[in-house]
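Respectively, the protein sequence lines represent chains B and C. Sequential numbering of the first sequence, starting at 54, is according to this note's numbering. Sequential numbering of the second sequence, starting at 42, is according to this note's numbering.
To be clear, the hints were calculated from the coordinates, so they are not data collected in a lab. Think of the CB as a built atom: it goes at the ideal place given N, C-alpha and C, for glycine as much as any other residue. Don't take each hint at face value.
Derived list of chain C stretches under chain B, where covered just means 3 residues or more per stretch with a C-beta under 8 Å from a C-beta of chain B [to be verified]:
1. 181-192
2. 208-215
3. 254-261
4. 387-395
5. 411-421
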Amino acid sequence: MTTMTIAKAINEGLRAALANNPKSLLMGEDIGPLGGVYRVTDGLIAEFGPDRVVDTPLAESGIIGTAIGLALRGYSPVCEIQFDGFVFPGFNQITTQLAKMHARSNGNLTVPVVIRIPYGGGIGSVEHHSESPEALFAHTAGLRIITPSNPHDAYWMIQQAVDCQDPIIIFEPKRRYWLKGEVDVQEAGTAADPFKAHVLREGTDATIVAYGPLVPVALAAANAAAEDGRNVEVIDLRSLSPIDFDTVTESVTKTGRLIVAHEAPTFGGLGGEIAARISERAFLSLEAPVIRVGGFHMPYPVAKVEEDYLPDIDRILEALDRAMAY
Amino acid sequence: MGATHLPSTEFDGTAVDDQLEAEAEAAMGEPPAPMVQLLCPEGKLGTHPVFSEYAEKLDPEKLRRLYADMAAIRRFDVEATALQRQGQLALWVPLTGQEAAQIGSGRASQPQDYIFPTYREHGVALTRNVDLAELLRQFRGVSNGGWNPKDTNFHLYTLVLAAQTLHAVGYAMGIQRDQKLAATSDPARTEPAAAVMAYYGDGASSEGDVHESMVFASSFNAPVVFFCQNNHWAISVPSTVQTRIPLSNRAKGYGFPGIRVDGNDVIAVHAVTEWALDHARQGKGPVLIEAFTYRLGAHTTADDPTKYRESAEEDSWRAKDPLIRLEKYLRTQHLADDDFFAQVKADGDELASYVRRTTHDLETPDIRNAFANTYVEAHPLVAEELAWFEEYSAGFAAGDSDEGADAGPGTQADTEAGSR
Chain B
54 MTTMTIAKAI NEGLRAALAN NPKSLLMGED IGPLGGVYRV TDGLIAEFGP
104 DRVVDTPLAE SGIIGTAIGL ALRGYSPVCE IQFDGFVFPG FNQITTQLAK
154 MHARSNGNLT VPVVIRIPYG GGIGSVEHHS ESPEALFAHT AGLRIITPSN
204 PHDAYWMIQQ AVDCQDPIII FEPKRRYWLK GEVDVQEAGT AADPFKAHVL
254 REGTDATIVA YGPLVPVALA AANAAAEDGR NVEVIDLRSL SPIDFDTVTE
304 SVTKTGRLIV AHEAPTFGGL GGEIAARISE RAFLSLEAPV IRVGGFHMPY
354 PVAKVEEDYL PDIDRILEAL DRAMAY
Chain C
42 MGATHLPSTE FDGTAVDDQL EAEAEAAMGE PPAPMVQLLC PEGKLGTHPV
92 FSEYAEKLDP EKLRRLYADM AAIRRFDVEA TALQRQGQLA LWVPLTGQEA
142 AQIGSGRASQ PQDYIFPTYR EHGVALTRNV DLAELLRQFR GVSNGGWNPK
192 DTNFHLYTLV LAAQTLHAVG YAMGIQRDQK LAATSDPART EPAAAVMAYY
242 GDGASSEGDV HESMVFASSF NAPVVFFCQN NHWAISVPST VQTRIPLSNR
292 AKGYGFPGIR VDGNDVIAVH AVTEWALDHA RQGKGPVLIE AFTYRLGAHT
342 TADDPTKYRE SAEEDSWRAK DPLIRLEKYL RTQHLADDDF FAQVKADGDE
392 LASYVRRTTH DLETPDIRNA FANTYVEAHP LVAEELAWFE EYSAGFAAGD
442 SDEGADAGPG TQADTEAGSR
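Just chain C, with the same shape it has in the complex (with noise of 0.2 Å):
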């Protein structure tokens, strides 16, 4: 990274941002905290005193693994919507937009660091290694989960909006006991030190788990690094609606560093999560990362963004894509050429193929799968009803191969199973 050419600007925010920070001004009598921004929307990389030395570890290798991983799981994004348009998939949720926020933060962990996602974080699942089709088996309804979250520490998706960032902090308590336990019983053995990221967004902001995660993280100076990511529409509520001043200034009523950064501005994003990761685990307590970015598609599938936005809006901010703007520095800086970008795209298409294909052949579960998964341990009313279920069903089974016998509802079957 030898390019020192500093943006022109701080960030070109929209119209919405600027009143924003004027009516935080006004309210708190400060100004808010400036948006970290390395990568400007015309490809050029700036420098910034704490920041840079993070971003400067970022070597050519790295830096063009950043875009392919963004072109994959963009690419792989398309590929989901349609496959919900097919009928394929029950519902899809969007990222396209997000990928510097996701694959900048994502790459910045290390694989004992712990992630509690949302349900949007595609992204990050790629960068911890989820098979990208097991993901898609929540969305296919074959499966509330889909991967085993001890595999890759990205834990499952979790859609009742911020009750992951409780658990978060909770797993961050626990690496804080384990690291106690690990001295007092082996002084001598080392293990990396871990931290804890929790994914949510401008929306789920306004949730209380969200104050009480940062009240339980900062009474405890608990190793997690909170994710928020701007997207800036909550479905069709605007972040307006959400708060009067940045989300990263919050940090500072509980006692932690807050950072605004450019969320589409894949270097800054990973220079930045590295910088809390790192604050983090060396136990300096919990940070707060406001990503400052844009959903430039639906929420989901199943809303229309014609109807709650303008789409200029939308047009100033593909002007700040963020792949476009890691492509022309690669470009500039001759760190990438046209065979590269054609490979991207040739293993885009692939994943995407093989994602199809893989989603088609998604089995659908037994329900007694639900049932043995209910409780762990032997449950008697879920037992009875298994039993119960097991007899209903060899009615059906009778039936068929008895003919003129109806084993169906309301037969001597069913009788029986119903007076146990």
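Just chain B, with the same shape it has in the complex (with noise of 0.2 Å):
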């Protein structure tokens, strides 16, 4: 066991990754000697070469567009996005192209591309720096998609999502990436597949589900609730694509109560894909509506007023209070 940062588990994670598949490399904007904009590839072209660590020219669909490339010929590329709201401008070939490879050659090639997208808002900065488009990709056949809470998670995702033969996002929560962990670097433990929904904290009365950046929000919630007596289970989804919905449907028909938190607006989102599997599921162990915290049907706020854009405590206690109110 090791203590360290979400964003050195990852570099460490790519390390380890590089080091075990010769065929694999990482390509991005400034990931090279300046070790990317949050230092995430720090010290990797130093130590694999300018051949596995490609600083990239400025275009995010020729970053992705060239992995496909390289993943038919073989190779396991990690693209970086810098920011979250940079990845539009390769939205086409995630979407039209790097999903559908392999159905539309009936199986007969596969593109195990991993794209890493820094995620989600809270650090005040400016506009197309915070965004949470994680529902636009999950929307999409062929794509998988997880998002790490923590470091021992993060520093064993990325090194499964580098082995996966599916073109696999990683959704990296920017705003925790100085959240410090331990990491087991031996074993993977629990975190042995990315795929599974993780029970945080074992309650009775509510659930409430979180992934990425809202999940210490969430726990923090729970806390607080536990001191008005409320004992209420949290769940950190990890993968949002596929969705653990077995893990969530036995929460509910415990609790009979889901919250599911998102950064990302409601309207569209995850949340009510959640909303409704689990009401289609577990219908007759709810004792409420599941209720959404997200977002606001608005593109991401200015800095200075994202304080009361962002779910925090207090909305997920409201929305609890909402929930045990029937």
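Relying on the hints, combine the two individually framed chains into one complex.
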């Protein structure tokens, strides 16, 4: 066991992936000598050289599109998109090409491309640097999407992503890059299946589902609720495509109430998908409607008011109050 | 190839092209690169300081092969168009007029080269030994691919314009890495050097991905040949809306050679492409070839060229027909006789018959294949939806065998499936 931040855990995970798989390589803007704008790739070019850690031209479609070509030639590229809001120039390559290559080749071709996207707000940044576009990708069949919330998961999930034969997007909660935690670099343990949700806190009165940057918020809300005598279960979803509905269903069958929290706008977001599925699967167990806590239907607001936009402990507790009132 | 007659003019371009070139000259302060032409529309062969050397490698047998290929793919095109009109294909993308650009470039490639086509490269497919009946699977609606690219190094068609140009550059970057890995692991091993060719059109040249692919190719000196077929029309929009300068001139801005070749001259196309692929394989970096040609028919069977262009323009290009041009040369040089051309026609009819017969027999796939191929690894949502589909389908089967029992949607089976 060793303690490190999420950023360092991803760095170590990438180092292990590059060492274990000679056909793996990193591609992105400023990931070489600079080590990435968040220093997640720090030191890797010195260790593996510029053919394995490639500073690319400033072109997101180019990064994803050439990664597809490299994958077709047998390589395992890991692309870094510098910020969430900058993925859209590469959106076409991801959704019309990367996601569909295996299907349209009748299974003959595989494109094991990994795309790393730092996402979410709360860092006081300017526009296009704080978005949560995960639902746009989760809606696209052919992609897998995971998001770690702690260093141990981050260390293992990035390596599992490189090993995965399907294209996979790993959304990294950028405001948690400096969150420290213990990492077991020998054993993945419970992180062994990156597509399985984790129950982080057991409870009986209600379930809160969160992922990525909101996991610590959900845990804090559950702890605050405990002071009011409410025993709340917290689930870290970890995988957004596929979603581990079995774990959520099992929890809701026990607690009877579900709150889904994410930073992305509520409308059309993954919270709606989870609410609908759980309503189908556990309708007779539900004591209250599934309540969503998320961002508003607006472009991510300016940093000075982002605290009003981002779901926080109070917003989750308010939702819990509403659920408990039924 | 013994003839030495130079064409009397550089290239008998259209008025549109003259205007373009004049504008280019005015804009750049220099004339556009000259058009490479070896075989003029009258069927006479000229010389070129660089490319004649390559053209001379085309012995009589190879020249006859180029003609036979062009005739075969034109016959195939006619048959596929007919199949579409008869309702056997959902859509067809005709290539008539572009045979020389495709056969000439495709035949210049080596088996180890990898080709990324757009969606009109039926002639290139022929040169890569793709079964042309398989090629129709996409247009018949039984597949989104139809062949295994690994068998022929000919990638699937890409319908999203220009997306494949980036795939080509990435693939070429992979070839570079393979060479380094091979040199490290086994210096004695010698494999033929490979290059990649990316096809796209004048319309697609406006897409950002073409620009990004050229930036990447140039930055990493990737062994890739960009082959732009300028067929003058992006569905109904003329090439003047895509560019003010010859498209080949754009290569200069990226820092690699751009060559404009008479795309209806199969000998020049073959020579230029062979040179470019050699250039790329030798590690000298990318090349852009603009094959200046013309789409004689519609963009697809869904549009009507009479709504957007004059028949006189089409007629002027019919005079530059790539097949007639090579036939004239083969006849005047006594390289092919009536028997040869009769045989080519008979072979074409046989190909058409094969394609027609096989297309009718293409089996409709089971949608279970789509469930199986969405992901490589097991996926719970796909498994859940497949299980639902199986149960739902079984419900209909039960209804068929159990008279009076309605097992259709909204029945017990459906409700159970929905309540899992």
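ask   = Which earlier hints can't be squared with this structure?
value = Result: hint 4 breaks, nothing else.
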